[in-house]
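**Q** Sequence:
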Amino acid sequence: MNLGELVSALSDFASPSLAESWDNVGLLVEPSPPHVVNTLFLTNDLTEEVMEEAVQKKAELILSYHPPIFTPLQRVTCGSWKERLVVRALEHRIGIYSPHTAYDAVPHGVNSWLAKGLGACTSVPLHPSTAPCYPTEGPHRVEFCADSTELETLLSKIKDIQDISSITTLPARVEGEEQTRVSLNCSQKALLEVVALLCKNSSLYHKTEILLLQKPLLPHTGMGRLCTLSEPVSLLTMIERIKSHLKLPHIRLAVGKGKTLESPVKKVALCAGSGSSVLKGVKADLYLTGEMSHHAVLDAVADGISVILCEHSNTERGFLSELRDTLAIHLQNKINIIVSEKDRDPLQVA
1 MNLGELVSAL SDFASPSLAE SWDNVGLLVE PSPPHVVNTL FLTNDLTEEV MEEAVQKKAE
61 LILSYHPPIF TPLQRVTCGS WKERLVVRAL EHRIGIYSPH TAYDAVPHGV NSWLAKGLGA
121 CTSVPLHPST APCYPTEGPH RVEFCADSTE LETLLSKIKD IQDISSITTL PARVEGEEQT
181 RVSLNCSQKA LLEVVALLCK NSSLYHKTEI LLLQKPLLPH TGMGRLCTLS EPVSLLTMIE
241 RIKSHLKLPH IRLAVGKGKT LESPVKKVAL CAGSGSSVLK GVKADLYLTG EMSHHAVLDA
301 VADGISVILC EHSNTERGFL SELRDTLAIH LQNKINIIVS EKDRDPLQVA
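Per this note's numbering, the sequence shown starts with residue 1, numbered consecutively.
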């Protein structure tokens, strides 16, 4: 499969536009064309050990959930381990692609996989994603009423302004007079020109309304999940379910103020990876994430919310097996997809 075709298919699976603004996603390392991908190699973290595994398994593209290039590289030498990753990738003509928070947001992504370990439940995103662009020309709507004597001239001048769309006119009665209500959508730049035009008629401008439009929300898409169980279970039962789902012998637990291991859990707020900012202020019986700051845990406990921490990548890595099977269908089994055997969380219980 051609690299460009594969990257396009991966973008269709989870658009990079869904990633957080601070993130670095998409194709990060590209061998010179033509580049054909027969083997796609999946990993949560691209370490040097994992890179050598990808080389040995003759992968042509690595999909690393976490971007190995995050802060800009000032040089590509063998001086640091992240620079060496780029050197090795280019030496062996291996591309590197990272989806990161785009996979957190999509309905079939990491957070939805994590929620499967809770038992039967319904879930909604904690922070819904919005569409990448406005359905019309821009983020502003301008509405005003004009009488017939000035309407034709106004509309003619407005239509000469670029970045204006959805111009509509409807009959209206204003202060007992028959007028026409004009509505239009426009960009920020066009808004300034429209305002300048309307300002020439003070009575017209003072009755003008300017609305800031919002991008539409995307259903079932966004950061984190608030999960409502079909039936409440004890905190102890929930702990065992999570350990089983993540295949972990141990987790870290902070019991909420006034709660015990037998306290019922009905609502679970979760965020794969690092959940401090995503979970902050959410009302739930339990927070589930990989890591949180010490003070964020204290805040939750004081509010009577129990907290389960599983280490950062332990809440993400198990998704790769499901991703392998889902991508195989999405890519119509055109390439071989394998999951790293060397990839693991750097923190272990000693």
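Take the hints with a grain of salt, since some may be wrong.
Estimated spans, in silico, between C-beta atoms of each pair [stated by the list, open to error]:
{"#": "1", "residue 1": "G4", "residue 2": "P232", "range": "46 to 52 Å"}
{"#": "2", "residue 1": "K257", "residue 2": "Q162", "range": "43 to 49 Å"}
{"#": "3", "residue 1": "N2", "residue 2": "E83", "range": "25 to 31 Å"}
{"#": "4", "residue 1": "E262", "residue 2": "T77", "range": "56 to 62 Å"}
{"#": "5", "residue 1": "P171", "residue 2": "N2", "range": "52 to 58 Å"}
{"#": "6", "residue 1": "V349", "residue 2": "L211", "range": "51 to 57 Å"}
{"#": "7", "residue 1": "N201", "residue 2": "G304", "range": "39 to 45 Å"}
{"#": "8", "residue 1": "K342", "residue 2": "V255", "range": "48 to 54 Å"}
{"#": "9", "residue 1": "V255", "residue 2": "E231", "range": "29 to 35 Å"}
{"#": "10", "residue 1": "H294", "residue 2": "G258", "range": "19 to 25 Å"}
{"#": "11", "residue 1": "K257", "residue 2": "E143", "range": "49 to 55 Å"}
Simulated pairs of lysine to any residue, SDA-like, Cα-Cα distance not exceeding 25 Å [as the list claims (entries may be wrong)]:
{"#": "12", "residue 1": "K58", "residue 2": "N333"}
{"#": "13", "residue 1": "K159", "residue 2": "G176"}
{"#": "14", "residue 1": "K266", "residue 2": "C121"}
{"#": "15", "residue 1": "K189", "residue 2": "L261"}
{"#": "16", "residue 1": "K243", "residue 2": "L261"}
{"#": "17", "residue 1": "K334", "residue 2": "L347"}
{"#": "18", "residue 1": "K159", "residue 2": "C199"}
{"#": "19", "residue 1": "K58", "residue 2": "N38"}
{"#": "20", "residue 1": "K159", "residue 2": "C145"}
{"#": "21", "residue 1": "K267", "residue 2": "T228"}
{"#": "22", "residue 1": "K159", "residue 2": "C121"}
{"#": "23", "residue 1": "K259", "residue 2": "L198"}
{"#": "24", "residue 1": "K116", "residue 2": "H250"}
{"#": "25", "residue 1": "K267", "residue 2": "K207"}
{"#": "26", "residue 1": "K243", "residue 2": "A120"}
{"#": "27", "residue 1": "K247", "residue 2": "L327"}
{"#": "28", "residue 1": "K334", "residue 2": "K116"}
{"#": "29", "residue 1": "K280", "residue 2": "D299"}
{"#": "30", "residue 1": "K266", "residue 2": "R241"}
{"#": "31", "residue 1": "K116", "residue 2": "P219"}
{"#": "32", "residue 1": "K259", "residue 2": "R241"}
{"#": "33", "residue 1": "K207", "residue 2": "L151"}
{"#": "34", "residue 1": "K283", "residue 2": "N333"}
{"#": "35", "residue 1": "K207", "residue 2": "R181"}
{"#": "36", "residue 1": "K189", "residue 2": "Q162"}
{"#": "37", "residue 1": "K57", "residue 2": "K342"}
The set of hints was computed from the structure by calculation and includes no laboratory data.
For glycine and all other residues, C-beta sits at the position ideal for the given N, C-alpha and C.
**Q** Hint by hint, where does the structure go against what was stated? Just the numbers, ascending.
**A** Going through the list in order, the structure violates hints 2, 7, 8, 9, 13, 15, 17, 22, 23, 25, 28 and 34 and respects the others.
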